[in-house]
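Asker: Two chains, two separate frames, one set of hints: put the complex together.
These protein sequence lines are chains A and B, in that order. FYI, in this note's numbering the residues of the first sequence are 591 to 815. FYI, in this note's numbering the residues of the second sequence are 544 to 972.
Check each hint, because a few of them may be wrong.
As the list claims (entries may be wrong) - Stretch-level coverage of chain B by chain A, calculated; a stretch enters the list once three of its residues show a Cβ under 8 angstroms from a Cβ in chain A:
1) 584-592
2) 657-665
Said to hold, decoys possible - Here are the simulated lysine-lysine pairs, BS3-like style, with alpha carbons at most 30 angstroms apart:
3) B:Lys-709 x B:Lys-728
4) B:Lys-757 x A:Lys-629
5) B:Lys-696 x B:Lys-706
6) A:Lys-742 x B:Lys-696
7) B:Lys-757 x A:Lys-739
8) B:Lys-696 x B:Lys-728
9) B:Lys-728 x A:Lys-682
10) A:Lys-678 x B:Lys-872
11) B:Lys-757 x A:Lys-815
12) A:Lys-617 x A:Lys-791
13) A:Lys-629 x B:Lys-577
14) A:Lys-791 x A:Lys-605
15) A:Lys-682 x A:Lys-791
16) A:Lys-802 x B:Lys-757
17) B:Lys-801 x B:Lys-696
18) B:Lys-872 x B:Lys-804
19) B:Lys-757 x A:Lys-678
20) A:Lys-744 x B:Lys-550
21) B:Lys-696 x B:Lys-709
22) B:Lys-704 x B:Lys-550
23) B:Lys-801 x B:Lys-872
24) A:Lys-678 x A:Lys-629
25) B:Lys-792 x B:Lys-706
26) A:Lys-802 x A:Lys-629
27) A:Lys-802 x B:Lys-845
Said to hold, decoys possible - Have a look at the derived ranges for each label pair, beta carbon to beta carbon:
28) B:Ser-846 x A:Val-735: 54 to 64 angstroms
29) B:Leu-738 x A:Ala-724: 51 to 61 angstroms
30) A:Glu-647 x B:Trp-920: 53 to 63 angstroms
Think of the hints as simulated: they come from the structure by calculation, not from any bench. Cβ coordinates follow ideal geometry from the N, Cα and C atoms, glycine included.
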Amino acid sequence: MKTANAAEQTGDKKKTPRWAMVIDLKKCIGCDTCTVSCKAENRTPPGVTYNVVIQNEIGTYPNVALVNLPRPCMQCDRPACAQVCPVKATYKMENGITAIDYDRCIGCRYCVVACPYGARYVDFGEDYSQEMLAANEIQSPEYGVDRGKREKGKSPINNVRKCTFCLHRLERGEEPACVETCVGDARFFGDLSDPDSVVSKLAASPRAFRLKEELNTGPRVIYLK
Amino acid sequence: MSEHSQKSKRSTLWYAFLILLMVAGAVAVFIRAKEGLIVTNLTSTAPWGTWVAFYIYFVGMSAGAFLLSTLIYVFGMEQYEKIGKDALLVAILSMVLAMAFILVDLGHMERFWHTLWYMNWTSVLAYEVRFYVLYIVLLFSELYFAMRIHLIKASSLNDWKGKIAKFLSFGSKDTSERSIQHDHKVLKILGTIGLPVAIFGVHGGTGALFAVAKARPFLNSALFPVIFVVSALVSGTALLIAFYVIRNKVSGNPVDQKMVKSLAGLLALFLFIDVGLEFYEFLIGAYGLEHEELATITTMIKSDFSWSFWVVQMFIGVVVPLFLIFARKTKESVNAIAAAAIMVVIGILGVRFNIVLPALIVPVMTGLPEGYYYPTWIEILSSSGIIAMGLFLYTLAVTVLPIHTESSQVSSNHLTFDHRTTGRSEETI
Numbered sequence: 591m592k593t594a595n596a597a598e599q600t601g602d603k604k605k606t607p608r609w610a611m612v613i614d615l616k617k618c619i620g621c622d623t624c625t626v627s628c629k630a631e632n633r634t635p636p637g638v639t640y641n642v643v644i645q646n647e648i649g650t651y652p653n654v655a656l657v658n659l660p661r662p663c664m665q666c667d668r669p670a671c672a673q674v675c676p677v678k679a680t681y682k683m684e685n686g687i688t689a690i691d692y693d694r695c696i697g698c699r700y701c702v703v704a705c706p707y708g709a710r711y712v713d714f715g716e717d718y719s720q721e722m723l724a725a726n727e728i729q730s731p732e733y734g735v736d737r738g739k740r741e742k743g744k745s746p747i748n749n750v751r752k753c754t755f756c757l758h759r760l761e762r763g764e765e766p767a768c769v770e771t772c773v774g775d776a777r778f779f780g781d782l783s784d785p786d787s788v789v790s791k792l793a794a795s796p797r798a799f800r801l802k803e804e805l806n807t808g809p810r811v812i813y814l815k
Numbered sequence: 544m545s546e547h548s549q550k551s552k553r554s555t556l557w558y559a560f561l562i563l564l565m566v567a568g569a570v571a572v573f574i575r576a577k578e579g580l581i582v583t584n585l586t587s588t589a590p591w592g593t594w595v596a597f598y599i600y601f602v603g604m605s606a607g608a609f610l611l612s613t614l615i616y617v618f619g620m621e622q623y624e625k626i627g628k629d630a631l632l633v634a635i636l637s638m639v640l641a642m643a644f645i646l647v648d649l650g651h652m653e654r655f656w657h658t659l660w661y662m663n664w665t666s667v668l669a670y671e672v673r674f675y676v677l678y679i680v681l682l683f684s685e686l687y688f689a690m691r692i693h694l695i696k697a698s699s700l701n702d703w704k705g706k707i708a709k710f711l712s713f714g715s716k717d718t719s720e721r722s723i724q725h726d727h728k729v730l731k732i733l734g735t736i737g738l739p740v741a742i743f744g745v746h747g748g749t750g751a752l753f754a755v756a757k758a759r760p761f762l763n764s765a766l767f768p769v770i771f772v773v774s775a776l777v778s779g780t781a782l783l784i785a786f787y788v789i790r791n792k793v794s795g796n797p798v799d800q801k802m803v804k805s806l807a808g809l810l811a812l813f814l815f816i817d818v819g820l821e822f823y824e825f826l827i828g829a830y831g832l833e834h835e836e837l838a839t840i841t842t843m844i845k846s847d848f849s850w851s852f853w854v855v856q857m858f859i860g861v862v863v864p865l866f867l868i869f870a871r872k873t874k875e876s877v878n879a880i881a882a883a884a885i886m887v888v889i890g891i892l893g894v895r896f897n898i899v900l901p902a903l904i905v906p907v908m909t910g911l912p913e914g915y916y917y918p919t920w921i922e923i924l925s926s927s928g929i930i931a932m933g934l935f936l937y938t939l940a941v942t943v944l945p946i947h948t949e950s951s952q953v954s955s956n957h958l959t960f961d962h963r964t965t966g967r968s969e970e971t972i
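So here's chain B without its partners, still in its complex pose (with noise of 0.2 angstroms):
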């Protein structure tokens, strides 16, 4: 079989299998529209489960891939260029991810519009709101202008790609130098607005919302929402980390190892912090013997649900990764960083849900019942069919639009960034 079609067919195997969970994941949602919330395992007392989480999970890969963006728009480290519309388009899709998670979740689907259209001024969830909205803007912005060049260059392409890269350069024409100094200002200056809306609004914002909650001890400490933007870095780095390696291993295509060892050893420093942080918010709260702090942490490492404490969160998201970043026999190998990096992503998907149940399993007041929650098979096949579609989308959108513009292309482009091409050490596979 020639490599072209064994291509294909594992592509048509890829769109085949992503189809399937979505067309599951499609009925799980249909069920759940007709039967309403009683579908789930929420109660009253554990009102929130799978989908809350995996909605914070999601906003927070945005956040942090965002981030990862503006070290290469807004603050010129050139080195990451490589990911830099990969990152953004993550970040887009996160979000897209992030709202069909918490669409699902709302009790009346079809009011979702009232969030924009009432405001109650004290809500920290109504700012949220007006701000992933901003910031899905802004990021459509900056991925367009970061495309611009490759999409005026893709549309001279006379197939099918071509024209949709026709239509979506919105009329633009230029490739003049000027016009692509031009992008970079305005990359740069969307980069610098959307850092504050990001790391203060969008995601700092969605630690707060959990983080005024004062009902729920644990949640309620100002260093939540410092710790879901640091999560939020980890989470991002280790999924464009990921991203990168196994794209460019299925297409073929050199993997730049020298960027790869680099980002690990962003991750790294990331998920240092965010143990770092995590230890002190367990620390000081334990410290002030409060009854429902402590049972909270209790229910965190020592209940039947600890496993995803330990296991996941812990061990596959933090143990195993740095050993792989940092032990001499795999820290070389951009393979064994890929699977610390799939293992990180794993491992703050345990973070997020260990933010938003163990809280809620701890009655606010005592000798009410306590709370007890495992999704059911309409929240998991509702949840995998919402990421099947995300990664569909992410694999339309890296085949039709010029996302993965290789280095040689871009260099082209970038004057800048000319200089760094020959001194990259690429891995082949």
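One chain only, chain A, in its complex shape (with noise of 0.2 angstroms):
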């Protein structure tokens, strides 16, 4: 990581940023306002989620918790799912955002059980048009592409997905919803690559860990103890 930092800076002054985002589970309230916040702000089908919050009961009783893990895609530098899709739509973006390309992508879902995090998804097609008025007709425009209608056997329909880290909103300037949303403040989003970055700090923290290190993955999701 911290050499891929250091090659990041010596890039010319208007190098892309390197997105990455902290999660302090000290002050997650287990809300699951991040959860509801992505559906509606990406218009994922039932079945899909991007973010999930986790919530585990450690330890035996009288001495018990529960654990609070948001759970977004990690956009891991060394993806697990960008290495075993055999057509390359899962890729890395050079702004840290592991994307999917849905045009490309065949839904063979290999992608699904390479990834450590459980944080892909198969879109089934269902949808939400006997709960909500107009459920189908208009999608996210994830990755920046405007999709139009949600119809049977379209992309992203029988395709997989994931988080983006809100790439349409980070490329207006804003932060993915979960991040805005948060009602404890515990997330943070911003600029791994600028050492003068929030993210940067908060990372370099002793509280910092990321999860499942050991698969060498490296996530760019940061979580603080």
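Answerer: This is how it looks when you write it as structure tokens:
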């Protein structure tokens, strides 16, 4: 990570940011606002949830605790999903985001099996049209692509989907929806290649850790213990 | 009723049965194509199911059948000559079925060509697809050279079979001893190229496809590709025994008991190695006390799904067949050996399902939902339809093509095999 940063800094002045997210677990109250705002922002269908808050009970009575672990896509630097994709539909963007080309993806779901974080979902084509007016009339402009109506047989249906760090929001200068709506201000977002950014400073904290570091996937989502 | 009309009635029934299954399968595939993956019971937790299990099942069957064919064409074990072309045919058709299964499984079937058009240098699957193509081409060329001389002979017949044979001989008319020797040489070369392609590329590679998934500790083991290859040998050998015996019983031809017994010996050997390796896989996996690993093993041996391990994989697939092959009462009977072989073929199906599913039942992170999977009717009917298509094509091929040229005919073409025919003990029904 350090060497990557050094290389990033020697580039030209107008270099692309390398996005990263920091989640302070001490501040997370497990309210699931991130999950809900993510669904609203990305208009994900039933069964597709880019962000979840995993809740686990630890310890034995009477010393028990409920631990919340918000889990977006880790946007790994060495993503297992991109490694296995047979057609390079999943790939690493320069800005650090692991993207999916819906029009290239064949829907083999190998990446779902390969992801160590369970961050990938198959879009089976379900929708909220029974619960919501005009549910299929518009889709979120993921990766900056306007796909119009949600229609059977058309991508992203039958593709694999996952959190994009709200790339379409970043492009217009906004933070990802989960970061913006977090009630406890537990989420931070920024450029990890900028040593002065909040995320860079937090990432250097002794509280910082990443999920399944032993797998060497290099997640760009950093947690604070 | 004469024997002939009885036979044709039986074959009509057989075809009707297969066509029925194929029609049901076609309807299921059509619904699946129209409605998408929603018609399956797959989920984001367990994204692979029946179709993927059948896909690796048939890739294994193909690799196993092919490896058996190399015993004949590369290593010169003439005692198995009778099943040589059969092995190649089974290898080809198994690959066709495997490709059909994985095609049906794709979320976007219409983009199947992407797998050849786009390349990801780090993806095992990307290499696999290309190995499959190379392997299928190799198999077809091998089968051609194995059949060439028989095709030329058959093309002298004046019926429709003769015409097909004439077409498939691709204008070759040379029946000289030299051309036969040449065929043998080509077969040896193709088989030799095919060996590493089948072992490391096609089947070891398919095992590696699973083994590289570091997110799934149970799969992430270097022993996996090896187990894949060995279990391929098990299923390939078993299927060929079953086909050989059934085919000869149905057509009323003598069954070479000595060969069947010898093949059963091979089958038992492969089974022992397979079970032994599987034991190590479990031992080393469990020894690490890693949570996911233990949970996966528990899913296999002690859960709602464990019947597939104990009943299908172990009892039907290993215990009973080994008993039949070794028990004094049954080891001389080709019928018992054929039954053992059929059971192994079913048992390996359990092996394949237990490769794909248990690791997907256990969530990758504690707190994420557990997987649960049983196929839907669409998945079952499409699968049986595809398998019926395979049996249909097999029956058609052995009827039309000179696949089963019986021993006398074969040995007259293969001078080196002549002395063997006399010493063969043949059992007739």
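Asker: With a cut-off of 30 angstroms on the C-alpha distance, tell me whether B:Lys-872 and B:Lys-804 pass.
Answerer: Given that 30 angstroms is the threshold and the Cα spacing comes to 14 angstroms, the pair holds.
Asker: Hinted pair, alpha-carbon criterion (30 angstroms max): B:Lys-709, B:Lys-728. Please report holds or violated.
Answerer: holds (23 angstroms)
Asker: Closer than 8 angstroms Cβ to Cβ for three or more residues is the test here. Does the stretch 657-665 of chain B pass it with chain A?
Answerer: holds (count 7)
Asker: Is A:Lys-682 within 30 angstroms of A:Lys-791, Cα to Cα?
Answerer: Holds, because 24 angstroms separates the two Cα atoms, which is no more than 30 angstroms.
Asker: Quick one, are B:Lys-757 and A:Lys-815 close enough, alpha carbons at most 30 angstroms?
Answerer: holds (25 angstroms)
Asker: With a cut-off of 30 angstroms on the C-alpha distance, tell me whether B:Lys-696 and B:Lys-709 pass.
Answerer: holds (9 angstroms)
Asker: Take a quick look at whether B:Lys-757 and A:Lys-629 sit within 30 angstroms of each other, Cα to Cα.
Answerer: OK: B:Lys-757 and A:Lys-629 at ~29 angstroms, within 30 angstroms.
Asker: Does the Cβ pair B:Leu-738, A:Ala-724 satisfy 51 to 61 angstroms?
Answerer: holds (60 angstroms)
Asker: Hey, B:Lys-792 versus B:Lys-706, does the alpha-carbon distance stay inside 30 angstroms?
Answerer: Answer holds: B:Lys-792 to B:Lys-706 is near 28 angstroms, not above 30 angstroms.
Asker: Taking 53 to 63 angstroms as the stated bounds, is the beta-carbon spacing between A:Glu-647 and B:Trp-920 within them?
Answerer: Given about 39 angstroms between the Cβ atoms, the range is violated.
Asker: Given the hint that A:Lys-802 pairs with A:Lys-629, test it: the Cα-Cα distance must not exceed 30 angstroms.
Answerer: With Cα atoms ~26 angstroms apart, A:Lys-802 and A:Lys-629 stay inside 30 angstroms; holds.
Asker: Take the C-alpha atoms of A:Lys-617 and A:Lys-791, compute the straight-line distance between them, and say whether it is at most 30 angstroms.
Answerer: Cα-Cα ~17 angstroms, so holds.
Consistency with the previously given hints fails for numbers 6, 7, 9, 10, 20, 28, 30, ordered from lowest to highest.
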